[in-house]
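Chemist: Listed here are the chains, written in short residue letters.
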Amino acid sequence: MNRIIKQLIFSVVSGVFVISYMNSNGNEKAEAVRSEPPVKEISGNRPAEPAAKEHPGKAVYIKYCLVCHQASGSGVPGMFPPLKKGSWVGKDPKELVLIITKGLSGKVEVNGEVYKSAMPPQAQLTDKEIADVLSYVRSDFGNSFKPVDVELVKKVRSGK
Amino acid sequence: MKKILFLMITMVFIGSCQSNPNKNSNSVMVIAPDKDNAGLKLPDGFSALIYADKIGHARHIAINTNGDVYVSLSDVKNGGGIVCLRDENKDGRADVIKYHGIFDGTGIKIHNGYIYFGADTIVVRYKLAEGELVPAAAPEVIAKGFTPQNQHATKPFTFDQNGNMYVTVGAPSNACQVQDRTKGSPGIDPCPILEQHGGIWRFKADVLNQDQAKDGYRYATGIRNAVAISWNDVENSLFALQHGRDQLGSFYPEMYTDEQSAQLPAEEFLSVKEKSDFGWPYCYYDPMLKLKVLAPEYGGDGKKPGRCSNAENPIMAFPAHTAPNDLLFYTGSMFPEKYKNGAFIAFHGSWNRAPLPQEGYYVAFVPFKGGVPSGDWEIFANGFAGIGEVMSPGDAKHRPCGLAQAPDGSLFVSDDSNGRIYRISYK
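Line order of the protein sequences matches chains A and B. Using numbering that gives the first Met the number 0, the first residue of the first sequence is number 0, and each one after it goes up by one. Using numbering that gives the first Met the number 0, the first residue of the second sequence is number 0, and each one after it goes up by one.
Just chain B, same shape as in the assembly (with noise of 0.2 Å):
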């Protein structure tokens, strides 16, 4: 009986697709890009569509194994954090649009059934019922006791499979100065902000009601803000990237040109291992000189290494000032075998190197092997921004901020701007 009732519904269904070829998720149905790639530079024999437009400040992007799309917002918008899409006539592009949740903020995952989620001092969860695109359930708390901060609030996580979500925690300063962000202030020493901020914490991923002090773990110290942070599952190791820190030429006019101000400190690609101390605020990257750099906060010249020879450097180093704001290892089969296992790194783009044009406002790719960059850096997608050189951040029309992996293996791109998803995929 059962079989003959399970037959009759597969008939149904077969049916219902046949008379309706446009509605049906399963057929093979070719995605059409946009006529200029969304306006996009890629490789040869990528393209790229516009997903979803004008949506919110879109930050992080998470989708769920039946293709939905959930992307966090920076400020509520519809009376939602949360942008919930689903493409429901596959044409690769959204056409069911709901806003949910009543935070608003970053980090955003799907993991183990549940949307989660990170507002700046809190990290909840949404349990997903099968097939539900907008979750019916209320908000679990899973992390709490944040303290509420006016710069680098933003908590982005990510999982381990080990059942450990991974917290960035920001710090609230550029340097630990006793008056942040002033000339002549001295470095507080040791930094009490270390404490509770400036590193990545550890929490279950699944108990309940966690308290950053109580509960949570500092995995790893030294870390002034990582919003590009990922578990990478090939290689069973935490990677993140650090905005740097600000300024070193408007207070130290004396060591540092506008120019080496521009370029000081690079922003750092970190694989983070337990107990890592990757040196904030003591510390700086130079690129060029390839150490860590004493801060002049902390009695630097701009050139000797000081205490800093103990901190652990990067494994990669990018132009300063152009803000990672994520970071995803592509484990999929669409994109070319150069592709796999690689990182793609979004780039919001700089706002603090003037008088110097502003940089960044790309993806780029890092090949992998081994837990370690393989080869060079490249720029992967190109023209956000839409205009030939960004003198002032608002004048780019869109910034890349978010990344995720649809179960085709296409790559989803946020803009925070103006609330652009892209979607690019190979061929």
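For reference, chain A alone in the conformation it holds in the complex (with noise of 0.2 Å):
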């Protein structure tokens, strides 16, 4: 009955850690939070010269993202769920965009996992920064799907 009650339980609450530094430059932080090394040791499949040009999507996700899904997409257990490998991350990207600009509350199983939390909706994005993001965590910690695309983000946030 309490299970029940959970799951139909969604948003009661709206708004849960996931960092943000909405409308703050945060530059400095984020290039802080940039030269740590677990940030750095996350894919070992990037070239290591200096002129390998670093993924778009990665600032916004440190930015945004990885306090709560931490720097190597693990996410925290029992609370938020990771990006890694096997994740949702290969899901149906206008899915994932409903989840990043409305928010995510409530129990979820990821990888038979239960997580429980409430991620707040990251409306403040532009369209450009959930696909850069999207096609980040879809390219990175072990992933391999296709990119987003930015036109996709477009359409689904005009309800097209």
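I should point out that these hints are in silico values taken from the structure, not numbers from a laboratory. Remember, predicted model here, so these are calculated numbers, not experimental data. Built from N, CA and C at the ideal position, the CB exists for glycine as well. No false leads were mixed into what you were given.
Covered stretches of chain B (in silico footprint by chain A; criterion: 3 or more residues with CB under 8 Å from a CB of chain A, positions within the stretch not fixed):
hint, segment
1, 144-155
2, 170-182
3, 347-359
4, 385-399
Now that you have both chains on their own, put them together as the hints suggest.
Modeler: Here you go:
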């Protein structure tokens, strides 16, 4: 009974847990985070040459997603789901766009593990930022899914 | 006649014990610890063993006077949210493991012959018949009407010696902003969440179907979330530890550096009296300034106390975000004298100190005298995480969550990551 109630209760609390530096330049902080070793070590496949261009979605991830979903995309057990291989990031991009713009609350199950918490909507992100960050998580943390096109984000957001 | 019968039964019992020494529950049998102390680092003279492993997301622990162990699960496993464990061959480890109950949650206690269980929106109890491991009786509702919530939803509780039960009702919020956890959103003033959350509610331990709003009494307020809550029978008083607020640095980068945000605010050890107010969401405790500071959502600048000069201070401050998840006042006689009546605290470990390494993932000890700490705190048991430095909580192999004292005085610790139950003994 309790479980059913829990499942029915969506968005009682609107916002939670995903770091938002909304409307701030936050560059100094993002830079500081970016220089941390765990972030660098995420991807073993990336070329080590300094000329290698960083994925544009990585900065968005560090700024808005990292605190909860963690530098390695591992999430936090019981609270925030992982974004690693086998997680939801390979789902239909339209659903992923909705999770970012509308948030997601309540109980979810990923890879057989239960997570109970809430992600506040990240509606402040631009269409391009959403496409970038989705493309980034779909190509890092052991994932190799197709990038998400900005046109698709526009389409989902306009409800067409 | 009765006497003869009693004598015969006694003789048969003794005979059976002698013929089967391994199953004898009363002979002095030395419990051998695990070779590596179950991977734990402990003070000299202490040892540890794995009492049970992989039983589910093990939250809090209750131990009956006969030594039977009950563990709450945050998620139902094998059809039950309570794990009932018994050590039948008396080797110190569980050999009977049963799952029971339709609810999952955190709070669990044995009280007056009942298992009390705190699911997220209800507190129930199950009558335990004499010698029964798994309760046959149907659950009875003790307290209900708690609002479903997506954060700080757990309902840990404790009992005093006068027939009362104290239940934590955490705040479904970080700092009572108009838009929770959103930069720039102001704090609601006064915070309406405090009417039904953000405090500790008192109920009758023995009255059925109490409703939080109608029958519950707000015993103390201004507590964001106290997963660790314990009545101290020696002091006859309530103690708890608060999970302090998050994200000072990310919402107010002009006021706090990453380092400050990782260290603010302290996790607070609270001596809770009737009508105590510890100031959440208006205030947080700064362990460097040693005072309650006005939260920036309510006009604070990171320094001034403002209205918080009236908020009660903690009796001890711990590193920020380390998530104290259980509190146990030790009354056993197995451990050395310094531990008597002192407090053990299970720190679940932080998730939001990045880019700094995470902190916690240990059991701490605080010596106590006269209702206050009589010395500094120390790490009692460490090594649960199984790795050097925890950068992300998912890296930790085990995370301490619940504590209980066994009849022999050994200390049980639960791990909600991989479902391990540790048993720590002295000599």
